[in-house]
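J.: Chains as they are written, first to last, in the working numbering: chain V, 1204 to 1466; chain D, 221 to 313.
What the hints contain is simulated information worked out from the structure, not anything from laboratory work.
Honestly, I wouldn't trust all of these hints.
Stated by the list, open to error - Subject to a maximum C-alpha distance of 16 Å in a straight line, what follows is the list of computed EDC-like cross-link-like pairs (lysine to aspartate or glutamate):
hint : chain 1 : residue 1 : chain 2 : residue 2
1    : D       : K294      : V       : E1223
2    : V       : K1325     : V       : E1380
3    : V       : K1327     : V       : D1360
4    : V       : K1318     : V       : E1382
5    : D       : K303      : D       : D270
6    : D       : K273      : V       : E1223
7    : D       : K294      : V       : E1235
To be verified - Cβ pair distances, simulated, as ranges:
hint : chain 1 : residue 1 : chain 2 : residue 2 : range
8    : D       : E259      : V       : Q1276     : 22 to 32 Å
9    : D       : Q268      : V       : A1294     : 48 to 58 Å
10   : D       : S222      : V       : R1260     : 45 to 55 Å
11   : V       : L1285     : D       : N311      : 52 to 62 Å
12   : D       : P295      : V       : L1278     : 20 to 30 Å
13   : D       : D253      : V       : R1286     : 44 to 54 Å
Where a beta carbon is used, it is the ideal one built from N, C-alpha and C, also for glycine.
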Amino acid sequence: MFSHRLAGFCRLRIVGGAQERFINLATQRNIEIWNLRDLGGGVLLADVSLRSLKAVRYVAKAAGCSLEVIEKQGLPITLRRLRRRKSFLSALVVGFLLLVLFSQSILKVEIETEKALTAQEKAKILAISAAHGIRPYALAWELDWQAAAEDILRRTDGYAWVGFRKDGVFVQIRLVEREKPPPENDGIGDIVAKSDGVVREIFVMKGQKKVEVGVAVRAGDVLISGTVTPAEPGTGSAYSVHPEGLVRGSVWYERRLPAASAS
Amino acid sequence: MSKKDRWNEVMTDVLSVPGEIVYHMPRIVLTGDRSLFLENHNGILHYQEDLIKIAYRGGNLEICGEGLTLPVLKPDELVVEGKIKSIAFVNLI
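Chain V extracted, bound-state conformation:
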């Protein structure tokens, strides 16, 4: 209800005359008076809206009071005074524009991963991002995040997912390593039994079967050999493969327990 300060007001000194008549006349003309104070000796202080100043002068005259404008305050006054300080205003505007500009740019690009990255890998990812416009001091409007992510995936090895996240002026690149399948073992060798047992089932995918079903084997015996010798002697030379197959057998375990003494 109370702020007359925003709309702008002038502070007046009302001296002499019929003071109550002045107040009532003003009130009747819809002029609002604020902060009316009695300074004694027939002097009143009051605030009146800037717009009604003209009417107030008329009322004062009618009531035989002399007016003195002490002060003018308020938003319209401030604006008028600012008009004389153009450089201040322009500095304000430029500052604001700069703020908006910076808030729309990127200031830092960070990479976040689960495993640590080498400097080389980091540089590569940053370079690819930069090629798509994602670098410090770039404007953040029409950047193709999707294309940059795809490009990184395409040009690097070992990532399952690449994500760009913009958080204000920071950009965070998240990388999720791909779990590499175990390296293929291409070594030449043989499949041997790990423990003693009786072969129940043998299925060879690559290599040569060395035992039959029902045969008892000891730990270390060759089950499937990596060296394939031809069936008929003379129909080709022996060759080596990485043996692959399935051998199942029955094994047994022994345990010694102390027996209860029967005495």
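Let chain V serve as the given structure and place chain D on it in line with the hints.
T.: For chain D alone, kept in the frame of chain V given last:
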């Protein structure tokens, strides 16, 4: 009871129209002895730091005190602030 009085009575009791509108009385809201808000006045008859006389329809209101000022003076409402010592109704009907 005259027709007008009867009409006024109906307005306030039955239709719940506020009293100050029907009877043209001022509404006074007093906050302690520091602030007095008055609605529906008819002008200031006297203003001095220790005595303010406000007119309303049917009489005057005399406010005695110290350091009395009017922070708000609008055509229909006003506020008196300061140390209020007494408020007196002077009916002139």
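J.: Now look at each hint and say whether the structure bears it out.
T.: Hints, one by one, checked against the model:
1. K294/D - E1223/V: holds, 14 Å
2. K1325/V - E1380/V: Satisfied, since the Cα-Cα distance of roughly 14 Å is no more than 16 Å.
3. K1327/V - D1360/V: Between K1327/V and D1360/V the Cα gap is close to 12 Å, so the pair holds against 16 Å.
4. K1318/V - E1382/V: Holds. K1318/V to E1382/V sits at ~12 Å (cutoff 16 Å).
5. K303/D - D270/D: holds, 9 Å
6. K273/D - E1223/V: holds, 10 Å
7. K294/D - E1235/V: holds, 5 Å
8. E259/D - Q1276/V: 22 to 32 Å: holds, 27 Å
9. Q268/D - A1294/V: 48 to 58 Å: holds, 50 Å
10. S222/D - R1260/V: 45 to 55 Å: Since S222/D and R1260/V have Cβ atoms about 46 Å apart, the given range 45 to 55 Å holds.
11. L1285/V - N311/D: 52 to 62 Å: Since L1285/V and N311/D have Cβ atoms about 54 Å apart, the given range 52 to 62 Å holds.
12. P295/D - L1278/V: 20 to 30 Å: holds, 23 Å
13. D253/D - R1286/V: 44 to 54 Å: About 46 Å separates the Cβ atoms of D253/D and R1286/V, which means 44 to 54 Å holds.
Comparing the model with each numbered hint stated earlier shows that all of them hold.
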